[in-house]
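If you read the protein sequences in the order shown, they are chains H and G.
First residue of the first sequence? That's 1 in my numbering, and the numbers climb one at a time after it.
First residue of the second sequence? That's 291 in my numbering, and the numbers climb one at a time after it.
Read the hints as simulated data drawn from the structure, not as lab findings.
Do not take every clue at face value.
Here are the computed distance ranges between Cβ atoms for each label pair [said to hold, decoys possible]:
1. G/L340 - H/A204: 41 to 49 angstroms
2. H/R199 - G/E412: 31 to 39 angstroms
3. G/I374 - H/E189: 54 to 62 angstroms
4. G/F336 - H/L46: 22 to 30 angstroms
5. G/Q418 - H/Q246: 55 to 63 angstroms
6. G/F336 - H/T82: 17 to 25 angstroms
7. H/K127 - G/E331: 52 to 60 angstroms
8. G/E412 - H/E208: 37 to 45 angstroms
9. H/K196 - G/S324: 21 to 29 angstroms
10. H/G159 - G/E412: 21 to 29 angstroms
11. H/D130 - G/P333: 36 to 44 angstroms
Note that this is a predicted model, so its numbers are computed, not measured.
Note that CB positions come from ideal geometry on N, CA and C, so glycine has one too.
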Amino acid sequence: MQPKFSKSCRYSASVLACLSALCASQTVSAKDIPVTISWSGTKPDLVSIQIPGGMSDFDYDARTQVFSSTLPIDDGQVEVRTLLVNYSGTNHPFYLKVNPFLPKIAFRLSMTPAKSCLKSHIDRVAKKVDNLPDAMRAVLQAGQLLAIDLPDDCGDLSGKAQEAKYKRTVQLAQYSNGLFQTGQKLRSEYLESVPKASRRRVAAEVAEYENEIDSLEAVQLAATRTEAQYQRDFDKAAAINDVLLQRAQSDEQLETLYKQQGLTINQLEKDGRYLDARAASIRQSNSSGP
Amino acid sequence: MTAQQKRAAAFLSFLLIALTSAFLLWLALLVAWSSQPLGGEFPGRFFILLIHDVSSLQIALKSVPFLVVFGISLLGNYQLRDWIFYGTIAVSVSGIAAATYLLMELNAIPTARRFWQYSPVEGLHDYQSLVAAMRSSLVPFIAWFVGLLASQLGIKFPRGGDDAT
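Next up, chain H with everything else stripped away, as it sits in the complex (with noise of 0.2 angstroms):
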């Protein structure tokens, strides 16, 4: 004998059991990138990065002075999260944009703390460089000098030390094919620290800069793409494509972006359909072959 249910309580089994479905087709799996950090100089207090639901502290083994961790992130998505370094009390931030298909993420932090502001301390990360360890010294010593508290502050040597943090930072986006992100706070203090006069001529110089950066989204992942595609892995290269395709879409000016890298959306449509094809066929060789 069948249970009599109300026609009230089959509707509500009905939405559930639907919001059940979509709840199960909207599930994502989290992949763990690992993150690994050295350093030279002074040793960070303490590196911690953001997770969701907050911020996780690294692990330091002292014996390889590494500092480690792992970054869940969900499969399709590329998001930016702030990375802490922590120098006697005072966070550097670093803003890292990532996506699951990184297969890890590791580099050097290098900085030795000045006592002072001074002039040769400022000049020195106000040249440009020409590798992505120097760049985040420069970002780092400059952050280091910006710190400084009375009487031994930048004083009116604080917009050059902020435009050479700023600069620095685009210089490290680039070096690391826009792994490394400026970040609005950044970006406001250095336009702040502009004179009104120039602030105009600055702020498109700045929007610039960030289009460059933006734009090396697009390079990273077309080139993780190829990559797979040369490997074979034609599942990971047509997710790929899923992810460059749904960000084309869902923004005016990332759409703008790739398209100025060969990427426009009917590219990634028809590159998804081969890809989809490639994949498809090789699942089925190997389902059929001995």
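Position chain G against the provided structure of chain H, taking the given hints into account.
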């Protein structure tokens, strides 16, 4: 000591005081009226080198003008020409004023920053070190000028206002 030698000595003494006083006055005027950095170029750079004690040889060299001028003053009860006497009084007074102004003004954080931020000397790369060095150098300068003033007046008026011109 012949009268000619005494005159030459008096002139040398005057020249040393005048140069020191003019230097301090120039620096004081720059501190007061300009907003430019001062520690990296002359005269601020020279001031930093001057107040920075690194070796006993440097201290000995720095003491030479003090010793020369006092030596000449003590050498004798020689007769001063009016222009040298009044000139010495004027430069001593301006030297005292300039050194005192620098002594007070360099305690201000923004002013001191204009020196230490550009300092060519490693030991004077922060506020505390600069202020300490500045105090320990400017106070002897002021004492030097006051001493000179007293000795010149003592030579000029040995017995309470007797004009020896």
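Supplied distance hint 41 to 49 angstroms, evaluated on CB atoms of G/L340 and H/A204: Hint holds: Cβ distance 47 angstroms, inside 41 to 49 angstroms.
- prompt: So the hint says 21 to 29 angstroms: do the beta-carbon atoms of H/K196 and G/S324 match that?
  reply: holds (23 angstroms)
query: Has the hinted range 36 to 44 angstroms been met by the Cβ atoms of H/D130 and G/P333?
result: Holds: the Cβ-Cβ distance is about 39 angstroms, inside 36 to 44 angstroms.
message: If I claimed the Cβ atoms of H/G159 and G/E412 lie 21 to 29 angstroms apart, would that claim hold in this structure?
response: holds (26 angstroms)
- request: Kindly confirm whether 54 to 62 angstroms is satisfied by the beta carbon distance between G/I374 and H/E189.
  value: The hinted range 54 to 62 angstroms holds for G/I374 and H/E189, with Cβ atoms some 60 angstroms apart.
message: Can you tell me whether the CB distance of G/F336 to H/L46 sits inside 22 to 30 angstroms?
response: Because 45 angstroms falls outside the window, the suggested range is violated.
message: A range of 52 to 60 angstroms was offered for this pair. Does it hold for the Cβ distance of H/K127 and G/E331?
response: violated (21 angstroms)
- prompt: If you check the beta carbons of H/R199 and G/E412, does the distance land in 31 to 39 angstroms?
  reply: Because 37 angstroms falls inside the window, the suggested range holds.
field: Pairwise beta carbon distance, G/F336 to H/T82, judged against the given window 17 to 25 angstroms
entry: Roughly 48 angstroms apart at Cβ, these two residues miss the hinted range, so it is violated.
- request: Just tell me: holds or violated, for the beta carbon distance of G/E412 and H/E208 against 37 to 45 angstroms?
  value: For G/E412 and H/E208 the Cβ distance comes to about 40 angstroms; the hint holds.
- prompt: Is it true that G/Q418 and H/Q246 lie within 55 to 63 angstroms of each other by Cβ?
  reply: holds (57 angstroms)
In this structure, the earlier hints numbered 4, 6, 7 are contradicted, and the remaining ones agree with it.
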